[in-house]
Amino acid sequence: MKFRWSHSFIILFAIGIFFLTGCDNTSSNQDQDTNTTQETNQNTDNNTSANTSTETNTTTETSTTDSGVIIPKSGGILDFAVPRDPPSFDCHRENTFACIHPIAPFYSLLARFDQNNYPAIVGDVAESWDVSDDGLNYTFHLHDDILFHDGSKLTAEDVKATYEKIIFPPEGIVSARKGSYLMVDSVEAPDDVTVVFNLKWPSISFLANIASPWNFIYKASILAEDPTWYESNVMGTGAFKFVEYVNGAFLSGERFDDYFMPGRPYLDGFKAIFINSMSARVAAVRGGEALIEFRGFTPTARDDIVRQLGDEAVVQEGPWICYLNVAINNEREPFNDSRIRRALNLALDRWGASDTISKITFIGYVGGLMRPGSEFAAPEEELTQYEGFWTDIEASRTEARRLLEEAGIDEGFSFQFKNRAIGDPFEHVGVWLIDQWSQIGLNVEQVVQEDAAFFADRSGGNFDATMDWECGFMDEPDLQLFKFLSTGVSGSNYSRYSDPTLDSLYERQSKAATIEERIGIVREFERYLFNEQAYTFPTLWYYRISPHWAKVKGWTQLPSHYLNQDLRDVWLDE
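Take the sequence shown: its letter number 7 is residue 812 in this note's numbering, and every next letter is one higher.
By construction, these hints were calculated from the structure, which means they are not laboratory data.
A few of these clues could be false.
[Claimed, not checked] Listed next, the in silico DSS-like pairs over lysine-lysine satisfying Cα-Cα at most 27 Å (straight line):
(1) Lys-1005 to Lys-1316
(2) Lys-1356 to Lys-1076
(3) Lys-965 to Lys-1316
(4) Lys-1076 to Lys-878
(5) Lys-1356 to Lys-878
(6) Lys-1005 to Lys-965
The task is simple: from the sequences and hints, build the whole structure.
Structure follows, in structure tokens:
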């Protein structure tokens, strides 16, 4: 079966327009009821609406009020599994779940996505905000009672320093997502509780960028002294304080009693347990060593956990704004020849793989640069006109061989493909890629690396081709396309190219006055990337499956494994 999503993902377009008219947000930190999800039979239908998740097997009893509202319980330690240690503690520079899952509980954001009303945005350290009539000035009003874990008070200078590090990083400081803030001209802190962002042009996506789950608020005085300090240290204002990190074993946190939200967090603490093997993580959840893993499991792993736990298990499933892509080193010969890159893309039978790989791991959806089925995604009749997405794989591979011959590449040409040592889905997709490229006469060696070596080689350009990924937190072109901007503009362009055409198209779509105009420019962006350059290209999109113990409450699976990881609303029903 070919996976094709038909439901559009709810986006923030309308919300963005709403805020551009001068809305004042005052609903940021009201106490919320625990999350509720739809009870249904186990559902793996790929048409599940992207802003909801389905939940099954919820039978645990808990306390309720006379009106039926669930009362969260306080106490307990949440043990959860993480497939990898964090490459560093500074999530401004990283783009892996291995950073955000164990580290997010220590930090606050300026604003955040509401897990119970996604993709609505509510305040976090911001109590409210307003927008100028021309949409060029966003003024955020901060809570005046927020403390860092060392007891010092958070002020607007901390927020300003944080965003200047993200948007205008100092020389030598990596900011993975700086390319998505091209609309920002400056950041000001006119007083201790006010932060002003001045924009170059009105931007529908700006508020979503502010609510990015990566934008942990750091302490200005620390950044001024050493902007690299946060790579190996923790000091935040989040619901939990850092306790201990043992490399390769665990990272733990304890409740921050002076957290600014009354009654939060519910947990006494958490322990992130680092378990590399998928089978070992499944065993850990089945045996209760870990109650949940926030990234996602395969269909087989889901079934194993549910079979073991029965009514004590809950499964949340839904779409996932994430895919693996191939990054080609455009600085290395012969890969600086677009004909070779295009041939590598044309060799891939994505439609055939959709039927097979999806049975063994959590990917399988065919799409371009925007999530299949979302408002900005290419409809299938357009997608199949792009190179690499033709339905006639023999015609596609014939063209690939022609391009290789034209470029002077002989049968049996060999190179290395570097991949991350995570079986699901990285190594599965890697094996598939090697097979696909062999179909056009190429001899490719897959080199599987542990994270330290993989990240160093990817960022340092020490590869012919490497696995990469683009995982977002909202279906928004400004967020999904900035990765493909020129080196130096985008902090996550690992393919090492500069292309003014893509930079110009990105800015045009960001400034477009109507959604129809934006969609047209996004199509132009995709056609140019796939049909002319193929600097980098997607493989297949993900589908998120989160089986966990039913006693874990207050956490709703969203269509991004980066969202909703601060644990402030999570509680244990035991």
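Handout entry: Hints violated by the structure (listed by number, smallest first)
Key = none
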